[in-house]
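All chains, please: the whole structure from these sequences, using the hints.
Protein chains: 2
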Amino acid sequence: MSTQQFGIVAKKECNFHDWYTQVILRGELLDYYDIRGCFIMRPASMFIWSQIRSMFESHIQKMGVQECYFPMLVSKKNLELEKNHLENFNPELAWITKCGEKDLEEPVAIRPTSETIIYPAFSKWLGSYRELPLKLNQWCSVLRWEVKSTLPFIRGREFLWQEGHTAYHKKNDAENEAMEILNLYSKVYEELLAVPVVKGKKSKKETFGGAEYTLSVEAFISGTGKGVQAATSHHLGQNFSKMFNISVDDEGDRQDRMFVYQNCWGLTTRSIGIAIMIHSDNRGFVCPPRVSQIQAVVVLCGIKANTTQEEKTRLNNYALDVLEKIKKSNIRVHFDDRDNISPGYKFNHWELRGVPLRIEIGFKDMEKGEACIVRRDNLSKMQYKVANIVDSLQESIDTMHKDMFSKALQEREKRTKIATDFETMLGHLNDKNIVLAPWCSSAQCEDEIGERTTVRENGEVTLMGAKSLCIPFEAAVDYKGMCCISCSSDAQCCALFGRSY
Amino acid sequence: MSTQQFGIVAKKECNFHDWYTQVILRGELLDYYDIRGCFIMRPASMFIWSQIRSMFESHIQKMGVQECYFPMLVSKKNLELEKNHLENFNPELAWITKCGEKDLEEPVAIRPTSETIIYPAFSKWLGSYRELPLKLNQWCSVLRWEVKSTLPFIRGREFLWQEGHTAYHKKNDAENEAMEILNLYSKVYEELLAVPVVKGKKSKKETFGGAEYTLSVEAFISGTGKGVQAATSHHLGQNFSKMFNISVDDEGDRQDRMFVYQNCWGLTTRSIGIAIMIHSDNRGFVCPPRVSQIQAVVVLCGIKANTTQEEKTRLNNYALDVLEKIKKSNIRVHFDDRDNISPGYKFNHWELRGVPLRIEIGFKDMEKGEACIVRRDNLSKMQYKVANIVDSLQESIDTMHKDMFSKALQEREKRTKIATDFETMLGHLNDKNIVLAPWCSSAQCEDEIGERTTVRENGEVTLMGAKSLCIPFEAAVDYKGMCCISCSSDAQCCALFGRSY
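In order, the protein sequence lines correspond to chains V and C.
Be aware that the first sequence starts at 0, since it is given in numbering that gives the first Met the number 0, and climbs by one per residue.
Be aware that the second sequence starts at 0, since it is given in numbering that gives the first Met the number 0, and climbs by one per residue.
Hints were generated in silico from the structure; no laboratory data involved.
Please read these numbers as outputs of a predicted model, since none were measured by experiment.
There could be a bad hint or two in this list.
[Stated by the list, open to error] Okay, derived cross-link-like pairs now, DSBU-like style, lysine-lysine, Cα gap no bigger than 30 Å in a straight line:
hint, chain 1, residue 1, chain 2, residue 2
1, C, Lys101, V, Lys76
2, V, Lys61, C, Lys311
3, C, Lys76, V, Lys147
4, V, Lys82, V, Lys466
5, C, Lys401, C, Lys10
Below is the structure:
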């Protein structure tokens with residue numbers, strides 16, 4: 000007997016980790032695999048990814064970004080060209096050393112990201128500033144042999160993502176694009192997944208290896224009080240273009256070649272895990288309604304042992320009419336017409352799987368030309384006329400989306416504290432909050448904050464240290480003239496600190 | 000200076016291999032990479048793949064197939080479960096043995112295909128016949144460390160594909176699906192790529208390891224006289240379900256578990272190579288018009304040194320009006336408004352890249368409210384009224400598609416010969432034909448045919464042996480009562496033989 004036949008038994012508020020595992024396994028979103036840190040994306044989660052992909056792809060196409068595909072293998076030689084970059088990824092590289100029965104002369108690595116694969120081609124292709132900007136994106140999987148604990152969707156050894164790589168003639172244009180992409184990531188989270196995010200810049204320590212700076216959107220998981228990096232957009236400046244010799248003939252009379260300005264940016268299937276963690280409850284998954292594979296499920300109610308075949312047929316035909324109406328719209332509807340299980344079992348089945356709307360149809364509904372719509376997020380029930388069922392469903396989807404977003408936003412705001420001294424910050428962090436504080440922004444100070452917020456019992460780490468999630472663009476604290484929250488030197492910014500995934 | 004600035008210098012009819020390489024490199028469809036057998040898919044070819052993906056995906060969705068994603072890594076233990084299957088893929092497996100600085104306890108392989116990754120999950124998930132059919136598909140890349148010579152698109156170490164994996168309660172339903180998918184593959188080739196294919200069944204020797212039988216579509220490359228396998232749909236029977244213990248509670252009173260009936264089916268980026276080889280000419284790529292990233296390119300003509308700025312502006316505005324009209328339709332149009340190069344250079348540029356239609360706009364066209372449309376495949380020119388330009392372009396696209404298909408079909412028919420004795424067959428093969436012949440269909444006889452058709456000079460193979468491409472569903476030869484083309488035992492079928500990729 001398979002696990003999916005049982006509901007969620009762990010509580011979100013008591014044992015978050017077990018609860019999360021049950022939600023994704025029993026909600027049939029994901030399954031484990033016999034290689035640790037690798038996970039199977041089942042259709043329900045893959046559908047969410049395909050919705051994200053389709054929205055993101057249509058936007059970047061309008062920006063002139065073109066789809067491409069580069070090999071998954073990378074040679075040692077190219078990996079070694081950018082030292083900071085190599086340092087970041089080296090410990091996680093998976094190496095192919097043998098093919099069939101033969102040892103390879105030179106081992107090759109699987110891509111952990113594709114800068115070192117793509118930029119030699121940029122170098123080869125680009126001749127003149129007239130060929131800029133060059134904007135490419137690919138959808139693929141990458142492999143990072145994480146030694147830290149893996150967590151489905153959130154941290155896997157292999158995961159799906161998109162990686163965009165662009166090259167510009169002018170630094171300013173590149174920087175504008177990096178910001179435009181960040182806004183697009185925010186849109187994906189807020190408008191598709193109903194997840195509020197904080198936009199900001201990463202600290203020096205958290206900047207991508209080889210980048211000039213890194214922008215990110217950060218989400219908050221209230222169940223654990225942790226922040227989570229939701230997507231990143233890196234402005235590389237000329238760091239990579241100098242290492243990979245990506246230069247063009249410059250405009251005008253200048254004889255010199257110029258090195259291009261570059262960005263890269265990525266969004267991963269972690270986004271799905273974030274949405275699951277934020278929205279789901281003790282009944283199981285609550286799917287953001289715009290991305291759900293099934294948005295509404297029809298269930299017949301009130302059929303009893305003494306219901307005649309004729310009555311059953313009438314009710315069934317009524318439901319089929321409702322179904323036909325809905326199918327003519329863009330709403331994704333499913334009729335659960337299984338005759339070997341009860342309505343109650345069906346309710347549990349679809350609640351566990353997060354289907355946003357349930358359409359209950361009983362004899363009384365039929366007599367009145369109505370249907371009862373039950374929302375997954377708050378279990379509220381409303382009667383609607385079948386004549387306007389499509390509008391009612393569309394409205395329910397939009398309202399549910401807004402309500403889910405507002406709830407998550409309120410929760411985050413409630414749990415975002417301000418501190419100006421270290422002890423206050425530590426208290427807030429230990430109460431599962433994230434904290435805005437004035438900061439000197441140095442890497443050394445960030446290390447120290449990590450150390451000072453680590454909780455140990457008998458020498459074992461029981462609560463990991465905090466770090467800066469980002470330096471938000473919209474900061475609540477005016478840091479000017481204030482002291483750093485930890486080292487007491489002059490504050491350079493207001494940072495958002497938190498424990499994190 | 001980059002290679003794409005030069006046209007094609009090799010001739011398709013003289014040196015097919017060099018010609019093909021120049022078409023794909025200089026047409027900016029693909030680039031080489033510093034690991035042999037791995038290729039970069041540039042936007043122009045990736046666009047074709049995205050069109051194929053979108054058509055195929057929408058069809059299989061209607062069939063109830065759901066998208067999923069399984070890990071790219073596979074353990075030795077699972078690989079070894081199906082012996083025939085392992086035997087096929089073992090010599091080509093790439094093994095990861097080291098991660099970061101550490102050796103793995105147990106090496107893992109990169110998927111060459113995913114049966115051994117997916118079927119353990121089928122075994123775990125399926126409980127009752129009521130959960131059937133289960134229909135999954137994934138889009139991903141696979142890795143096969145080919146030792147044979149690699150060829151861009153046609154035979155790469157890594158390539159993109161879709162792989163469908165389905166499980167059924169009834170053998171008959173599974174077999175119908177295998178055929179439905181074969182018809183869909185045929186549709187992709189014929190309706191998108193303008194490539195005619197032969198549908199048939201593979202011989203025993205050519206059947207997929209572990210399958211009960213393999214269906215395929217086969218294309219013909221007239222430039223080399225070779226056949227090429229274009230896509231395959233395998234009915235696995237219960238072979239894999241028995242090895243992986245994929246069983247369900249059967250319907251009715253029967254107490255026994257039953258093993259499910261399975262199919263798997265795949266289409267790869269080889270399809271793009273096939274289309275390129277068939278349609279392109281000595282000017283470069285000829286893109287099938289329905290899948291081209293740019294379907295029509297606008298080029299201004301007749302601007303001379305003494306043309307006034309006012310005249311230039313008028314012509315440019317006229318072109319922009321035409322462009323706006325077209326952009327309101329679904330036709331993908333591009334305005335080449337570069338002012339630093341001549342119309343002639345632009346013509347060559349877009350011909351090399353295979354753009355199906357060129358819209359030339361000069362002063363005379365403007366005065367008459369017309370534009371001149373030039374077809375890439377036959378360079379024919381036609382004047383059209385701008386008022387109906389969208390209809391004219393759509394018609395040109397459809398006509399060009401049909402003409403390209405017909406030309407390829409006629410070529411294949413002309414080069415498909417019938418033989419009833421071996422010497423005749425050999426003559427036809429050596430004249431770059433494919434041959435229909437009565438056949439006993441045994442694996443041993445197929446080996447012998449391969450041997451007897453291999454051409455050697457001084458012990459070196461100069462022309463590889465022929466094999467059966469497929470046993471076509473629609474056979475031209477009534478084989479009953481005839482002798483096998485090679486071994487003279489009773490013929491069991493009419494097979495299509497050819498040298499092949």
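A quick look at each hint next to the structure:
1. With a CA separation close to 20 Å, the supplied pair lysine 101/C and lysine 76/V stays within the 30 Å bound.
2. Restraint check: the Cα-Cα separation between lysine 61/V and lysine 311/C comes to about 28 Å, which is no more than 30 Å; the hinted pair holds.
3. This hinted pair checks out: lysine 76/C and lysine 147/V have alpha carbons roughly 25 Å apart, not beyond 30 Å.
4. Taken as a hint, the lysine 82/V and lysine 466/V pair is honoured in the structure, with Cα atoms around 24 Å apart against an allowance of 30 Å.
5. Between lysine 401/C and lysine 10/C the CA atoms are separated by roughly 25 Å; this keeps the pair inside 30 Å, and the hint holds.
Comparing the model with each numbered hint stated earlier shows that all of them hold.
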